[in-house]
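Student: Letter by letter, the chains look like this.
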Amino acid sequence: MLKASFSNLIYVVSMILFLIGFYAVAMRPSLIKKIIGINIMETAIFLFLIGIGNKKGGASPLVVEGIEKYVNPFPQAMVLMALVVGVGTTALALILAVRLFECENGEKR
Amino acid sequence: MKKFIVIVLLVLVGLFLLLAVSKMPIMGDPDSPTNAIATSRYIAKGPQETGCNNLVSAIILNYRVYDTFGEITVIFVTLTAALAILGREKAGEGVSPLKVSPSPLVSTIMIIYIPFFIVFAFYVAIHGFNSIGGGFQGGVILASVLVIYALVFGYDEAVRKFPPKRRILFEGLAPLCFVVVGFMSILAGTNFLNLNFSSVSHFRNFLTLILEISLGLTSGVAIASLFYILKKVERE
Amino acid sequence: MSFVLHLPVLMVAVPIAVAVLISVLLTFKRNIAFVLSVLTMIFCLISSLFLMVKVITEGSFVYYVSDWPPPWGIEIFIDRLSVYMLLLIAIVGLISIIYSELYIKKVLDHQKIPFYYMLVLFLIGSIVGFVISGDIFNMFIFFEILSLSSYSLVAISGDREALRAGFRYLVMGIVSSLFILLGLGFIYSVTGTLNFTQIALRVKELSDLTVIQTGALLLIVAFIIEAAIFPLHVWLPKAHGKAPAPVSALLSGLVIGIGVFGMIKVVYYILPGVYPVSFVVFFRGLISVGIILGAIFALFENDLKILLAQSSISQIGFAAIGVFFFSYSGLMGSMLQLLNHAFAKSALFLGAGAVIYKTGFRNLDEMKGIGKRMPITMGFFAIGLASIASIPMTCGFVSKYYLCLAAIKQGLWGSVGAILLGGFLSLLYCLRIISCIFFEKPDSKVEVKEAPLKMLLPLGVLAFLTIFFGVFPRAAFVLIEPGVKEILGFLR
Amino acid sequence: MNQMVSMIPITAVALPFLIGIAIFFTGKNKKLMGFLSSIAALLSLALVSALYSMLVRGNMDVCCPICFGAGFTFCFRVDWLGLFFAGITSLLWVASIPYSIKYMEMKFPDSRARFFGFFTLSAATAIGVTMAGNMLTLFALYELLTIFTYPLVVHAETPAALKAGKKYLVYLLIGEMFLLFAVLSTPEFAGPRAFAKIGLISSEIGSKMLLVLFCSYIVGFGIKAAIFPFSNWLPTVSIAPTPVTGLLHAVAVVNVGVYGIMRVILNVFGIELVRSMGVGVLLVFISGATIIYGSLMALRQDDLKRRLAFSTVDYISYPILGLALLSPTALVGGLLLLVTHAFLKLSLFFCAGAIDIQTGKTKVSELSGIGRRLPFVSTCFAIGSLGLIGMPLTLGFVGKWYLWQGPMETGQPSAMGVLIAGAILCAFYLLYVVYVLFFKQSNVDFVCDLQLNWTMLFPIGAGVLMGLVFGIFPKGLLLLVNNVTMCYFGG
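Protein sequence lines, in the order shown, are assigned to chains B, V, G and E. Numbering of the first sequence is given in the numbering used here, commencing with residue 1 and proceeding in unit increments. Numbering of the second sequence is given in the numbering used here, commencing with residue 1001 and proceeding in unit increments. Numbering of the third sequence is given in the numbering used here, commencing with residue 2001 and proceeding in unit increments. Numbering of the fourth sequence is given in the numbering used here, commencing with residue 3001 and proceeding in unit increments.
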């Protein structure tokens, strides 16, 4: 198990990152920190996905004459789309947080 | 107590995930299922079938363009939510005149650079076919231009320059483009969002270009709009 | 007939396109949103009827978006169960939108009204997209649209409680969608594809199932969050309780049901038969606890809408537990419970909304004797309650009957106990509401009239449907029975 | 046995049911409301008689299955046992309608549409239960009966009534939980002709499971039949309006519980299986305990309606006892006592209601001297009491006579003891009321401000008269009851 984990170091790292993000989401009371946690989780998953698509010695998926070996383009496309989705969710989270902040401050005033 | 439970839970989940990770195929193995199965066609036939040398663009704009449609909708939904919850910003609404006028150095440089930025954004968007880049990337550059403009010349000035009325069409451009292209492909007798419905290969490239540009414009303008809306609350 | 093939994807594209169009047209004409949404929903209803005819006569079919066959492109997979879900979505969506007109005018600012309709259309379109999708990543994308629009619909009124509820829902929801993404990463890493049928084929060839099981577990946990099943239900009561009534109807009736449908997709379509027994027992245990706890929470709740939301936790548990029976009767019960919950719970939320619209009362204590003031509204409400309480001759009875039968046949005594006890407790809280509404002496002297016709009509349709499918469950069997047999075939 | 398909059973249920729903919309139109309720009752009586004649003529089962597919079949089927109960229910339903109309007009002038609507619905579902052809139908209608009687129980809308209603529901719904479990565990419970054969359960499913099932069934139906540990709800709901109490005690609810127990033992398990399981003794003990408990509690009650309610707890266990002895004569006795109880207890409750309306007195201790003020009502009360105790020349006597044969045949001295003790206690608690009515001097003077008219007095008199007539000429009734027992004991 250890040896396998070692060769899959990126996966292990991304899992650990994921858990760190999860901890922030679960334990931090601050809304902004929760959002940051969510982003850490997201990034961890992107790392994971990119790792899955890797191929040793593969070139970036940009077809050029003479090169036969490319890395898998599909995870990259997936990450690109998930990134945009991530932007959307983060933005919405910020919108709600900002509005909530406004409401609570408004009541204090 | 809660902390303890969460940490125990996380450790358990972590061990579980690590176990799974250790059972996964070795990273970068050329024979692993991910590299063996689906990718062969993307790499072997991608450029001929889609006209994109950039395989990532080929996937997001042709093989899985339906996903991209969903994804640009996500941006639009976020924008709608922002409008519903926070409301559209208005120029001069509760304006307090800028206390610090922009430094002439910064503003002059920005005025010189902004056209280049915009050109660069379009370049990235259009060139997504053949090289690194793509609609979203270009769009984000565009958005950053709009954001920088607001930072340098002040929020009100930016809102006055790019009022909501002008942005509104761009915001909805990409989803509408996708649906229109989808309808066209259905009318042409193929399935939804098939870009290859015409035998003329240039037409396919033209459609891809249109989608690429609309993606860029929409994501850029929508992200900028989100920024403006959030910024509005901050200054109130 | 070939046009019918395009209808599923059009049911996704048209609501989204109309919503975008509304935003563009907004500058010219403000009050066009309602009309356009109703027209869109009518289109969806008609297309789902067409699809129903098609699927009943010719069986399930697949549709390749952009004409790329899987694993390269995205496949849309239409079988009887997904058409069944589409029908539910179209009916409940149309009804909630019609109901919304008056209610939303009263509750929201004038500015927000078109955005409300847009978000509802996004919600409907994405639910359809989620249900018909045959590709996990595509499911993820539509799941995101679905969740984003539901968060914002919960928070749309902009008051503090709603925002709090919306934010909590958002955090849980994002975690759930990230779980999907992570899970699909695991699945992709060993199968090399994201298409349902292809994954199911590849999995059979695998020797080591650990990674696949992890992926499946992550996906199921994600849908457990979305369906609000026991330990992860914390977001639901406030979110559904504080949203505007038609939104609660949509969220409670459809969206959490979609969570259960997602579970069905994972368990039966994507990864059939990879689950160790302990897995299944664990989930059944969780769901059983949820069924009972939700009902107990509801028994002691005073705010009517939050009570209904608590009862949703219990009711959706019934739908979810059938998924893990892996048997014909269990799945039948599950699907019927989805129908029951979609119609009855929506009727309940709309009824509660009618009371709020007319009187502003939210607490059960204030509503004493209101059944005498607005007998028709509350009569429909009572029919919904009867169905939730699984009284014979309503749809709820049929579903719980099948579930209990399945559990007994398999000798799962714990689940039997949970189902029976849950049914008993739901009867109790429903009768508590009934006795409060109809038999207690009113405190206040406020004159209350019947709800307006535009609200009564949707309520009446839902109440009618609940009774109709209770008396003639066969009408639903046309789709469910062969559909369930088909997906049970995947297990072998 | 032959079978014929006919729509009459379902019509006998559905038509009154629909009329019941229609009554909700009559609103303030009292005449129409009364008319519709009487029509519903008369219709069901007519249809039940039609079924009777069909059964007599052809000795056939009348059956009509409605299949919903996938093991979900509703089915109505009439045999002698079902018809016996349906007959009692429909007859008493007709009798109680005029009384209820008058009573409600005097006591609860508000929301009468609701009352009569649910009254009709309850009676219709009770008849439906007796005509159910399989366990599923039986269960569905059984639960509906509980739900439909709830609004009647809480009709007064006072806090006490609501509390009583809550207690009623909790008790009965717990019972139904057990029942649902038992029903679903019974193989072939939803078969279109499930009750046509005797013994749905074979002994193959294991003795432990059999015992669990048997207990679940007994608890499920027994709660409604108010057997010993679960009988507390019955006195509590005597707070409801008198016609409702009549409905609960004599017409529908309690009878249906007894009917369920009979169905379970006779059809689901079958006499042979019950005998081999040896659970008959258990049932004898339960019913014996219920008889003693009910009588003792009745003695202590001062409230007349509560006293009568405990008397129901006592009396309704005789049929169960008769069944539990597993001998045909005892069963005949039990069924006869059920008829006795239905007619006479209804009359007694109506008497209590009449006294309440006339004088406002509900306590036994306050009733002194009323015998002279309300001679008709009091006389009826006295005759009814004597009939229940089992005086010769009443139906109660015939019933107890037959029931007495049971322990003689099977040799169960404890059951004999219970019968004797029950009769003596019953005499004590009922005759004391009669004594107070007629012989105790009243020290308070009271006014009779209302005049009872024939619509209220006729049902009272009719019930008592029936008890007497059948007591003197029991032959026709015996024939019917023998038909019932013959189906199960053969000859």
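Any given hint could turn out to be false.
[What the hints assert, rightly or not] Partial list, derived from the structure: chain E residues whose beta carbon lies under 7 angstroms from chain G:
no.: 1; residue: 3038
no.: 2; residue: 3162
no.: 3; residue: 3173
no.: 4; residue: 3184
[Unchecked claim] Derived pair list, reagent style DMTMM-like, types lysine to aspartate or glutamate, alpha-carbon separation capped at 20 angstroms:
no.: 5; chain 1: G; residue 1: 2112; chain 2: B; residue 2: 65
no.: 6; chain 1: E; residue 1: 3163; chain 2: G; residue 2: 2365
no.: 7; chain 1: B; residue 1: 69; chain 2: V; residue 2: 1157
no.: 8; chain 1: G; residue 1: 2054; chain 2: G; residue 2: 2481
no.: 9; chain 1: E; residue 1: 3107; chain 2: G; residue 2: 2481
no.: 10; chain 1: V; residue 1: 1231; chain 2: B; residue 2: 102
no.: 11; chain 1: G; residue 1: 2368; chain 2: E; residue 2: 3105
no.: 12; chain 1: E; residue 1: 3167; chain 2: G; residue 2: 2481
no.: 13; chain 1: V; residue 1: 1045; chain 2: B; residue 2: 102
[Said to hold, decoys possible] Just a sample of chain E residues kept apart from chain G, beta carbon distances all over 12 angstroms, derived:
no.: 14; residue: 3011
no.: 15; residue: 3054
no.: 16; residue: 3143
no.: 17; residue: 3153
no.: 18; residue: 3179
no.: 19; residue: 3182
no.: 20; residue: 3279
no.: 21; residue: 3302
no.: 22; residue: 3373
For the record, the hints were derived by calculation from the structure and aren't laboratory data. Cβ atoms here follow ideal geometry from the backbone N, Cα and C, with glycine treated the same way.
Student: Would you mind marking each hint as holding or not holding in the structure?
Tutor: Each hint tested on the structure:
1. 3038: With Cβ-Cβ at 25 angstroms, over 7 angstroms, it is violated.
2. 3162: holds (6 angstroms)
3. 3173: Holds: closest Cβ of chain G sits about 5 angstroms from residue 3173 of chain E, inside 7 angstroms.
4. 3184: holds (5 angstroms)
5. G/2112 / B/65: violated (54 angstroms)
6. E/3163 / G/2365: holds (16 angstroms)
7. B/69 / V/1157: violated (51 angstroms)
8. G/2054 / G/2481: holds (16 angstroms)
9. E/3107 / G/2481: Violated, at about 53 angstroms.
10. V/1231 / B/102: holds (13 angstroms)
11. G/2368 / E/3105: Violated: residue 2368 of chain G and residue 3105 of chain E sit about 25 angstroms apart, past 20 angstroms.
12. E/3167 / G/2481: Given that 20 angstroms is the threshold and the Cα spacing comes to 40 angstroms, the pair is violated.
13. V/1045 / B/102: violated (54 angstroms)
14. 3011: holds (16 angstroms)
15. 3054: At roughly 27 angstroms from the nearest Cβ of chain G, residue 3054 of chain E sits farther out than 12 angstroms, so the non-interface label holds.
16. 3143: violated (5 angstroms)
17. 3153: violated (10 angstroms)
18. 3179: Incorrect as stated: the minimum Cβ-Cβ distance to chain G is 10 angstroms, not above 12 angstroms.
19. 3182: The assertion about residue 3182 of chain E is violated, with a minimum of 10 angstroms to chain G.
20. 3279: holds (21 angstroms)
21. 3302: Non-interface label stands for residue 3302 of chain E: nearest chain G Cβ at 28 angstroms, farther than 12 angstroms.
22. 3373: Non-interface label stands for residue 3373 of chain E: nearest chain G Cβ at 35 angstroms, farther than 12 angstroms.
Checked against the numbered hints above, the structure breaks hints 1, 5, 7, 9, 11, 12, 13, 16, 17, 18 and 19 and satisfies the rest.
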